[in-house]
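Trainee: If you're matching them up, the sequences are chains A and B in order.
Numbering follows the numbering used here, in which position 192 of the first sequence is assigned residue number 192; successive positions increment by one, without gaps.
Numbering follows the numbering used here, in which position 33 of the second sequence is assigned residue number 33; successive positions increment by one, without gaps.
Please note: incorrect hints may appear among the correct ones.
Because identical chains cannot be distinguished in the list, a pair is counted as satisfied if it fits within a single copy or across any two copies.
Calculated lysine-lysine pairs in the DSS-like style (CA-CA distance at most 30 Å, straight line) [what the hints assert, rightly or not]:
1) Lys94 to Lys5
2) Lys46 to Lys94
3) Lys46 to Lys5
4) Lys150 to Lys5
5) Lys94 to Lys150
Note that these hints are calculated values from the structure, not bench results.
Note that this is a predicted model, so its numbers are computed, not measured.
Protein chains: 2
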Amino acid sequence: MSTHKRGPWTITAQRQAYDNRWIRVSEYDVIRPDGAPGLYGVMEPKHLAVGVVPIFANGDTLLVGQYRFAIDEYSWECPEGGGAPDGDPLDAAKRELAEETGYTASHWLEINRFAVSNSVTSERGLGYLAWELSEGEPDREGSEADMVVKRLPFHQAHLMAMSGEIADAFSILMLGKADYLARTGALPERLASAMLMR
Amino acid sequence: MSTHKRGPWTITAQRQAYDNRWIRVSEYDVIRPDGAPGLYGVMEPKHLAVGVVPIFANGDTLLVGQYRFAIDEYSWECPEGGGAPDGDPLDAAKRELAEETGYTASHWLEINRFAVSNSVTSERGLGYLAWELSEGEPDREGSEADMVVKRLPFHQAHLMAMSGEIADAFSILMLGKADYLARTGALPERLASAMLMR
Chain A
1 MSTHKRGPWT ITAQRQAYDN RWIRVSEYDV IRPDGAPGLY GVMEPKHLAV
51 GVVPIFANGD TLLVGQYRFA IDEYSWECPE GGGAPDGDPL DAAKRELAEE
101 TGYTASHWLE INRFAVSNSV TSERGLGYLA WELSEGEPDR EGSEADMVVK
151 RLPFHQAHLM AMSGEIADAF SILMLGKADY LARTGALPER LASAMLMR
Chain B
1 MSTHKRGPWT ITAQRQAYDN RWIRVSEYDV IRPDGAPGLY GVMEPKHLAV
51 GVVPIFANGD TLLVGQYRFA IDEYSWECPE GGGAPDGDPL DAAKRELAEE
101 TGYTASHWLE INRFAVSNSV TSERGLGYLA WELSEGEPDR EGSEADMVVK
151 RLPFHQAHLM AMSGEIADAF SILMLGKADY LARTGALPER LASAMLMR
């Protein structure tokens, strides 16, 4: 492979250092911004992270609880999952909400678009607000067999995110942004009022 | 190694699949919560992620701008870095602020404690608010040779985080939480007033 640039970095060689069904680690020989040679390992997920804050007419939302293997802890979160990197992230978010909770929604709004941890991974996340919900049956993956769903007021979920009781970064980002949009007049008035309990 | 449990998951074998100076990937043979066999690769950083929102007496904060290799994009962020996993994260945050901006602070408050991306990594982050700042000289790493520092009102930095202009998840979490604490009376009144431009 020929040398090429990434901003002030130069890549002189590249190889796949690890690969499974969900993640890849690419290792790069680089010339750093200060001109010195270096090595950079980037964790490259094979899926786009998508998540949803569903809102009921009365202002309730849904959290899912499951044991998270990677951190060895139980975690309460907004419904989240992975979409095909070249697929429509909104379709992936709709599928994750339906699979994990059974619910579908008539209205969807993208509220977050971020880099998960930009010093070490190319992973990106997209968060949505969803409302006008219709009930259905969950259809969970085998790795989610222990998942439970909890319905509670949005403002309580937001407080859990601010207090640290919800420790999942993606969920905190979504709940924080949803609260901001509701407070600043960026959402339909009836939806915002229900979320903020005004 | 003997079989052991992580919540509803059982680990039957474990190996190191990738390793460099900054990250490791551990690969586990598992029995999933539904009883089926599976494979789990976990990206395990060798450092704790620490970050800082510094606040000047007039309500200004500092952002640093640099090209981020892993996402192939320029990024404006709060000062962030890595601490030794068994060291004091507050010491690491103080060191990162001083190295990247030159500033030291008399007051420090932990404001965030979160799991970065709990389906794929054990990485955790700790964010701080810092005030009563004293100027000094930056001392940057070679990989940060292109870094620039920008001073701007905190409320403008918060708006950049809410608008998506700041796309780094860690920075959005810190700026969002700092704004929440200032709005809800959890910070010294003079500090909060300066941050919110009341």
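Trainee: Take the hints in turn and mark each one as holding or not.
Mentor: Going down the list of hints, with the structure as the test:
1. Lys94 to Lys5: The answer is neither: 37 Å in one copy and 33 Å across copies each exceed 30 Å.
2. Lys46 to Lys94: within (19 Å within a copy, 35 Å between copies)
3. Lys46 to Lys5: both (23 Å within a copy, 27 Å between copies)
4. Lys150 to Lys5: Cα proximity of Lys150 and Lys5: across copies only (25 Å, versus 48 Å in one copy).
5. Lys94 to Lys150: Answer is within; shortest intra-copy Cα gap is 18 Å, inter-copy 39 Å.
Consistency with the previously given hints fails for number 1 only.
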